[in-house]
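J.: Sequence:
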Amino acid sequence: MDRGHRGTSREGPWLPTAEPGGGAGCVKPPPRIPDHHPLNPRVIAPGSSEWPERLNELGPHEPPKKLYVAGRDVDPGARAVAVVGTRRPTAAGIEAAQMIARGLAQANFVVVSGLAIGIDAAAHRASLEAGGRTIAVLGGGMDLNYPKNNLALRKRIDAEGTVVTEHPQGVPPHQHHFPRRNRIIVGLSEAVVVVEGSIKSGALITGRLALDANRSVFAVPGSIRNPYAAGPNELIRCMEATAITEVQHIFDDLAPGLVWGDDALPLGPVGLDENQARVLGVLDDTSVTADFVVAQTQMAQGLVLLTLSKLEIRGFARRWNGAYELTASGARIRAALAQRSR
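If you read the sequence shown in this note's numbering, its first letter stands for residue 54, the second for the next number, and so on.
Hints listed in this document are in silico derivations from the structure and should not be mistaken for laboratory results. Please read all numbers here as calculations on a predicted model, not as lab measurements. All C-beta atoms, glycine included, are put in the ideal place defined by N, C-alpha and C. Hints may be right or wrong, so weigh each one.
To be verified - Computed beta-carbon distance windows for the label pairs: (1) 128 with 223: 25 to 35 Å; (2) 109 with 223: 21 to 31 Å; (3) 378 with 202: 39 to 49 Å; (4) 391 with 356: 19 to 29 Å; (5) 363 with 308: 27 to 37 Å; (6) 349 with 84: 56 to 66 Å; (7) 309 with 267: 10 to 20 Å; (8) 277 with 349: 40 to 50 Å; (9) 371 with 311: 42 to 52 Å.
Let the hints inform the model, and build the full structure from the sequences given.
T.: Next comes the structure, spelled out in structure tokens:
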């Protein structure tokens, strides 16, 4: 079954002239990367051996005419998923990005992102640490040290992954470059995962660019008290993205039959509140009644019923003949919670 949301129900392309909430409006170029090689990146264009056909399939948006590339070759046949999010993530957001990127890398997917601090950096780093491939898409020239806090990561990607940009050397990462940079992230990927971001974030822009380009879009739901969960939650609310709570949900859409290995922890505990965790710990593969859950948790009946409904919505539990039982996803989440509590 096709789980990822594709296509668009909106009129016109989603490509603003600036990236709200955190572009890079530089007055002068950032410093060049010290002791950095290569400073003469190769150029790829449509028709070259490294050019993925997906880059030509951006819906209403103009494909890049060429790209500057450093590091390992771009494999046009490789499967790739973008993982994007805010520059100001929560600890849960960082954990989510790491778990998703690690799982994708272990399944031989290339992880694509924008080398920004926060979620992007976490995704790049987790992919490399899992022995996978990653592509960083820049908003300025290849030779510039931006963002400066990611210099060590940038050098590692140069050595072990791939860096691409639409801009020649010396071009500063101006604010208006970043929405256009985001379309390249989409173009290199067959799906986009939005982890955290505000309602006006570049991550939300990237998700909607993906819809325009007929890509699968996934989003990690979060607490309504977290302003950086507003973007993913909005995509889910508008039915523009499929809510995911583990990397298996991505595989179910992109690679049916692929099962997440036991060496990777599921994502489920991210965003799971205390009541949901307590109730999840009581459920089993065999059906139990709400009264049984009340007795085991000592929670009020109304709160138990509300919590069971939330778990059912998230796909962790199901109701059957008036009783409740764990789903396969719920069982993986419970196992992860038990492991973390040791």
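J.: Does the Cβ-Cβ separation between residue 109 and residue 223 fall within 21 to 31 Å?
T.: Given a distance of about 27 Å, which is inside 21 to 31 Å, the answer is holds.
J.: Between the beta carbons of residue 277 and residue 349, is the distance compatible with 40 to 50 Å?
T.: Violated, at about 27 Å.
J.: Taking the beta carbons of residue 363 and residue 308, is their distance inside 27 to 37 Å?
T.: The hint (27 to 37 Å, Cβ to Cβ) holds, given that residue 363 and residue 308 are roughly 28 Å apart.
J.: Could one say that the CB atoms of residue 309 and residue 267 fall in the range 10 to 20 Å?
T.: holds (19 Å)
J.: Kindly confirm whether 56 to 66 Å is satisfied by the beta carbon distance between residue 349 and residue 84.
T.: Holds, at about 60 Å.
J.: Could you say whether the range 39 to 49 Å given as a hint is met by the Cβ separation of residue 378 and residue 202?
T.: Between residue 378 and residue 202, where Cβ atoms are some 47 Å apart, the hint holds.
J.: Taking the beta carbons of residue 128 and residue 223, is their distance inside 25 to 35 Å?
T.: holds (28 Å)
J.: When you take the CB atoms of residue 371 and residue 311, is the distance between them in 42 to 52 Å?
T.: Because 23 Å falls outside the window, the suggested range is violated.
J.: Please check whether residue 391 and residue 356 have a Cβ separation lying inside 19 to 29 Å.
T.: holds (22 Å)
Violation of the numbered hints given earlier is confined to hints 8, 9; the remaining hints are satisfied by the structure.
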